[in-house]
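> Sequence:
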Amino acid sequence: MSETSTSDILLFVNSSEADYKVINRFLLDASTPDAGPGADYTWHVALQRNPTFFADEPETTQPGSDGLDGIDFDNPWAGASISEIEAFAFQAQICVRSGLILILDDKGVEDEIVIVAERAVVYEDGEGTVEERQRVLDEFKKVRVPRLDVVNVAMNLWVANMGFEEFTTSFSEGTFRGGWYEYRAESMSRETKRAEKRREREPLFKQLQEQGLV
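Reminder that position 133 of the sequence shown reads as 133 in the UniProt record's numbering, one-by-one numbering, no gaps.
No wet-lab data here; the hints were simulated from the structure. Note that CB positions come from ideal geometry on N, CA and C, so glycine has one too. Be aware that a few hints might be false.
[As the list claims (entries may be wrong)] Result set (DSS-like, lysine-lysine): computed pairs, CA atoms no more than 30 Å apart in a straight line:
| id | residue 1 | residue 2 |
| --- | --- | --- |
| 1 | K21 | K206 |
| 2 | K142 | K197 |
| 3 | K107 | K193 |
| 4 | K206 | K193 |
| 5 | K107 | K142 |
| 6 | K193 | K21 |
| 7 | K107 | K206 |
| 8 | K193 | K142 |
| 9 | K197 | K107 |
| 10 | K107 | K21 |
[Unchecked claim] FRET-style restraints, in silico, Cβ to Cβ:
| id | residue 1 | residue 2 | range |
| --- | --- | --- | --- |
| 11 | E165 | E84 | 21 to 31 Å |
| 12 | R199 | V136 | 38 to 48 Å |
| 13 | V122 | D74 | 33 to 43 Å |
| 14 | D125 | E17 | 24 to 34 Å |
| 15 | E210 | D138 | 42 to 52 Å |
| 16 | E127 | K21 | 14 to 24 Å |
| 17 | Q207 | G126 | 21 to 31 Å |
| 18 | K206 | R133 | 49 to 59 Å |
Model the full structure from these sequences, guided by the hints.
The following block contains the structure:
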């Protein structure tokens, strides 16, 4: 079975409301000025349902002329369920290293949020190293994150600066296995930072708007 490139974090868009302009706006909001093409935590939009496609590294998708321009744009994931996307990710061995995928659904388009899904890992009791006791599950932990926060969340998960449980609370008590979690309550300072991020992106947003890309 083919593996994806270790630098891939794939964005699956299953919203039927998301055209190329909506996706480009997401890419703009979810980007960071320091993350150009090739950065470990930049995004790729999944535009294939063929798992063998991911044997080759897709081009990094950025907003603007290198993003989605609407020409022959066809999203094969529109209308797919979250469980279908998860099953495909396991089949194609996506997120082998990072354990991460992103999902933009109808709720995400409406509320300007995105699903961050991380593959669940448990550690068995007994002797052996941490790696030897680690067991990766065919389950995802999922949380809805404001899209202006997603680059920080995904980046910190990617480089293991923080664990999933450090920015979420479980809907049910217990271990952090697969299922839905809740993004932790945010402070006013976080809201202020979001406003700053929007101001930083405003010049590029206006440029993309003039080009008909958002």
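> Could you run down the list of hints and mark each one as holding or not?
Hint by hint, here is what the structure shows:
{"no.": "1", "hint": "K21 / K206", "verdict": "holds (13 Å)"}
{"no.": "2", "hint": "K142 / K197", "verdict": "holds (24 Å)"}
{"no.": "3", "hint": "K107 / K193", "verdict": "holds (23 Å)"}
{"no.": "4", "hint": "K206 / K193", "verdict": "holds (20 Å)"}
{"no.": "5", "hint": "K107 / K142", "verdict": "holds (14 Å)"}
{"no.": "6", "hint": "K193 / K21", "verdict": "holds (24 Å)"}
{"no.": "7", "hint": "K107 / K206", "verdict": "holds (25 Å)"}
{"no.": "8", "hint": "K193 / K142", "verdict": "holds (24 Å)"}
{"no.": "9", "hint": "K197 / K107", "verdict": "holds (22 Å)"}
{"no.": "10", "hint": "K107 / K21", "verdict": "holds (17 Å)"}
{"no.": "11", "hint": "E165 / E84: 21 to 31 Å", "verdict": "holds (27 Å)"}
{"no.": "12", "hint": "R199 / V136: 38 to 48 Å", "verdict": "holds (40 Å)"}
{"no.": "13", "hint": "V122 / D74: 33 to 43 Å", "verdict": "holds (38 Å)"}
{"no.": "14", "hint": "D125 / E17: 24 to 34 Å", "verdict": "violated (46 Å)"}
{"no.": "15", "hint": "E210 / D138: 42 to 52 Å", "verdict": "holds (45 Å)"}
{"no.": "16", "hint": "E127 / K21: 14 to 24 Å", "verdict": "violated (55 Å)"}
{"no.": "17", "hint": "Q207 / G126: 21 to 31 Å", "verdict": "violated (57 Å)"}
{"no.": "18", "hint": "K206 / R133: 49 to 59 Å", "verdict": "holds (52 Å)"}
In this structure, the earlier hints numbered 14, 16 and 17 are contradicted, and the remaining ones agree with it.
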